[in-house]
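For the record, the sequence lines run as chains E and W. Residue 1 is where the first sequence starts when you use our numbering, and the numbers rise one by one after that. Residue 170 is where the second sequence starts when you use our numbering, and the numbers rise one by one after that.
No lab work stands behind these hints, which were simulated from the structure alone. A portion of the hints provided could be inaccurate.
Pair ranges (Cβ atoms, derived) [unchecked claim]:
1. ASP157/E <-> ASP179/W: 31 to 39 Å
2. ASN119/E <-> LYS219/W: 34 to 42 Å
3. ALA261/W <-> PRO121/E: 15 to 23 Å
4. ASP236/W <-> MET5/E: 49 to 57 Å
5. GLU71/E <-> THR428/W: 42 to 50 Å
6. ASN119/E <-> VAL362/W: 19 to 27 Å
7. ALA228/W <-> GLY141/E: 43 to 51 Å
8. GLU143/E <-> LEU319/W: 47 to 55 Å
9. SER350/W <-> GLY79/E: 49 to 57 Å
10. ALA228/W <-> ASP157/E: 38 to 46 Å
11. THR124/E <-> SER350/W: 27 to 35 Å
12. GLY103/E <-> LEU255/W: 27 to 35 Å
13. THR436/W <-> GLY103/E: 14 to 22 Å
14. LEU255/W <-> GLU84/E: 34 to 42 Å
Covered stretches of chain E (in silico footprint by chain W; criterion: 3 or more residues with CB under 8 Å from a CB of chain W, positions within the stretch not fixed) [stated by the list, open to error]:
15. 14–25
16. 89–95
None of these values were measured; they are calculated from a predicted model. Note that the Cβ used here is the ideal one computed from N, Cα and C, for glycine as well.
Listed below, chain by chain, are the residues.
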Amino acid sequence: MKTKMITLCVNGKDHRFEVPVNRTLLQALRDDLKLTETKYGCGTGECGGCTVLMDGKDSVCSCLTLAVEAEGRHITTVGGMTHEGELHPIQIAFIEEGAVQCGYCTPGMIMKTASILANNPNPTEEEIRKGLDGNICRCTGYEKIVQAVRRASVMMDTAQTRKVGGMRA
Amino acid sequence: MSSRVLPQFDLLEPRNVADVIALLSQHENQVSVLAGGTDLLVWAYIEKNKTPYVLSLSAIEGLDHLDYVAGEGLRIGAKVKVAQLLKHPDVAKHYPALYQAAENFATPQIRNMATVMGNVLRASPAGDCSCAILALGAKVVLQGPAGQRLVDIDDFWVSYGVTERQPDELAVELRIDDTSSSTCSAFQRLTRVHEDLSKLNVAVRLEMDQDTCKQARIAMGCVGPTPLRLKKTERLLTGAKISAELLQQVAAAAREEVTPIDDQRSTAEYRRQVSGVILKRVIEQAVAKS
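The task is simple: from the sequences and hints, build the whole structure.
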């Protein structure tokens, strides 16, 4: 088949539409669903700009995932991190630590952070740095991003924690 | 529109292995098998791979098993992701070399997507899991129209990018040889930054009796067209007591045995120089943990 009717569950909401089978998840998110918060960087799985969460905890490169292959999975983009207009603690931590400069890598960084903390709520600095492998930032030098991940882990540990968007579905 | 667009293809979504084999037999070299996609889609983007059919394994039940059975070994289904190796306690316990390779493999996103089998089928000399699997010893289970056959990992890679798998066969499982309490293994690699492909990787499996090595398997990557066994160097270790002097001889032998080339990640000269050093270190690491 050359096209397929699929149902994509993004940020807790089902979208039913027809896609060419060679369309990537990134293209489906950006071009079909107009969810442009997920960024195109290298297109070959090296920069992490297109990182989304699968089933609430696994980070994947949406540029190397076919849209048809994402059917049946819960996909979370950074747009699904806010809850009723309120920012997620990870987003607040990035703002408070000044971990954002040009901002292009930030959606991927936020989703990677969500993945790191979903798998390990209290990571060490080494675990944070290793977890951030695969997400490239050309502005910050990573220091403030590492601090933001640490702050988010403390905030999520102490505050009332909310589940990541895709998990609510 | 995002700037890279995949070439057109027809998607095949068989529901069981028998249907996969039928489709592979029908289309032969016209079809690419998709599991993780981290190599296949990159190759498609850069137009090295333009098969008219892509066969997805997604709809198939099974092939996602990861089981260790004492006395038999580790079975890794074709759809098992690299990240799954890190979550299985028996991999860390019985196969440190494979665990360490998986731990250092690419990036978290790629580990969540890429399959272990895909790394072996890619037949790249730089494959980290491939290097560990070659040192540990394994069989690749290939299923074709006539049934299953087992190919020893030592015979599986024919040349760069080419394996023993025939176009009408599906690689369904990896069977890693069993280990015992006297087995130790380890993996190391050299890269500039973590995300890079290895410029050199090495894994060893040693059967030890106190300080004496009874048997050794050494696998090194990025020093030849496929991951290489360093059989001459292994013979120096067999029956010998591990000592600083022996490791110096082993390092010198490895430098003689490898056949590296210059490429964008390193030079033949550098690879030859460090091959002995990193082999010495990986043996020390393996023995220290046994």
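Practice item. Find the hints from earlier in the document that the structure breaks and name them by number, from lowest to highest. Key: 1, 4, 13 and 16
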